[in-house]
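If you're matching them up, the sequences are chains Z and A in order. Its first residue numbered 1, the first sequence is counted upward by one per residue in our numbering. Its first residue numbered 146, the second sequence is counted upward by one per residue in our numbering.
Derived by calculation from the structure, the hints in this document are not laboratory data. Mixed in with the good hints there might be a few duds.
Claimed, not checked - Non-contacting residues of chain Z with respect to chain A, defined by C-beta distances greater than 10 angstroms in every case (computed):
(1) 58
(2) 85
(3) 108
(4) 133
Said to hold, decoys possible - A few chain A residues facing chain Z, derived, Cβ under 8 angstroms:
(5) 202
(6) 220
(7) 264
(8) 285
Beta carbons are placed, not taken as given, at the ideal position from N, Cα and C, and that holds for glycine.
As a plain string of letters, each chain reads:
Number of protein chains: 2
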Amino acid sequence: MHSSKRVLFLDLVLSVFRLNSLLIAEGDAMTEKLGLTHARWKVIGAIALSSAGLTVPGIARVLGQSRQAVQRITDVMVEDDLLQYQSNPKHKRSVLVTLTDKGKEVYNTLREVQDPWAIENTEDIPIEELETALRLIRRLIKKFN
Amino acid sequence: MHSSKRVLFLDLVLSVFRLNSLLIAEGDAMTEKLGLTHARWKVIGAIALSSAGLTVPGIARVLGQSRQAVQRITDVMVEDDLLQYQSNPKHKRSVLVTLTDKGKEVYNTLREVQDPWAIENTEDIPIEELETALRLIRRLIKKFN
DNA sequence: TAGTCGATGACAACATGCTGACATAAACAT
DNA sequence: ATGTTTATGTCAGCATGTTGTCATCGACTA
Numbered sequence: 001m002h003s004s005k006r007v008l009f010l011d012l013v014l015s016v017f018r019l020n021s022l023l024i025a026e027g028d029a030m031t032e033k034l035g036l037t038h039a040r041w042k043v044i045g046a047i048a049l050s051s052a053g054l055t056v057p058g059i060a061r062v063l064g065q066s067r068q069a070v071q072r073i074t075d076v077m078v079e080d081d082l083l084q085y086q087s088n089p090k091h092k093r094s095v096l097v098t099l100t101d102k103g104k105e106v107y108n109t110l111r112e113v114q115d116p117w118a119i120e121n122t123e124d125i126p127i128e129e130l131e132t133a134l135r136l137i138r139r140l141i142k143k144f145n
Numbered sequence: 146m147h148s149s150k151r152v153l154f155l156d157l158v159l160s161v162f163r164l165n166s167l168l169i170a171e172g173d174a175m176t177e178k179l180g181l182t183h184a185r186w187k188v189i190g191a192i193a194l195s196s197a198g199l200t201v202p203g204i205a206r207v208l209g210q211s212r213q214a215v216q217r218i219t220d221v222m223v224e225d226d227l228l229q230y231q232s233n234p235k236h237k238r239s240v241l242v243t244l245t246d247k248g249k250e251v252y253n254t255l256r257e258v259q260d261p262w263a264i265e266n267t268e269d270i271p272i273e274e275l276e277t278a279l280r281l282i283r284r285l286i287k288k289f290n
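Hey, can you work out the whole structure from these sequences and the hints?
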């Protein structure tokens, strides 16, 4: 017999909590040698994926976090010469955040670890299941947004 | 054309991060009137689901967190008369954490909010998709454990 | 029985996230 | 153009999580 949707859903919620912390631990382990943490990993990923450049509140919107939390991370990463603030032609106050050369190097090194990790962890999972799960998660995200 | 599994997987990871923070926000909103927070919500849920009683490190194992983090939450919840420490026949040092009468009341009130929330958010989602997603997430949890 | 090893409690330092509050710049509407 | 609303930077306080450390209790082993 199938469990009720209610119980299934609560189970799913707890499992997302659990998976989240495990993924953070994975991220920390992967990025440790690069002097990163999972929070910086998320920020550097968001910036690398953007073509046009992002402002601090823009990164926060992509990651679904408060702009204050992102600002604190980017400030430290600028100090560490991973990111730089560039004047924004579209907005005088809100500068663009871009990767420095060192930041790009770190990102490339990161991908050398991250890509095999991603491939390794999905090799025994059918692509249809990945798509179904992603679709459901996106649906929930939209619902709670 | 299908995206590559690597990209799909990284997308899934970012989406789990995003959903996690949204679920925390949902939890905070639901429990606010009860004087709870999402951290206490998780702890009270773990205790309520256990039949035999749990120790602090036991709760930590269920939630996949450090025992120190759980200890801090339970200490405050005991102060607030939601939980109580009971002597553990199996272990002199490690006491059992149980719900007080007030804690049980709060849990029951909680369910009056939580259950409709769970039902409402799944009414347009086929049960098969929930099962597929949960199965995948569990698989990943097992992999990273 | 004695010794060793693992689990637990307790405390500290730190990273990350949130919200609130305030001033100011930017965008918009009239 | 002017007034209003929104977005941003900044600072502060707090909740939650991590790891590390140390002492001690319990369990296991020789």
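*What hints, given by number in increasing order, does this structure fail?*
4, 5 and 6
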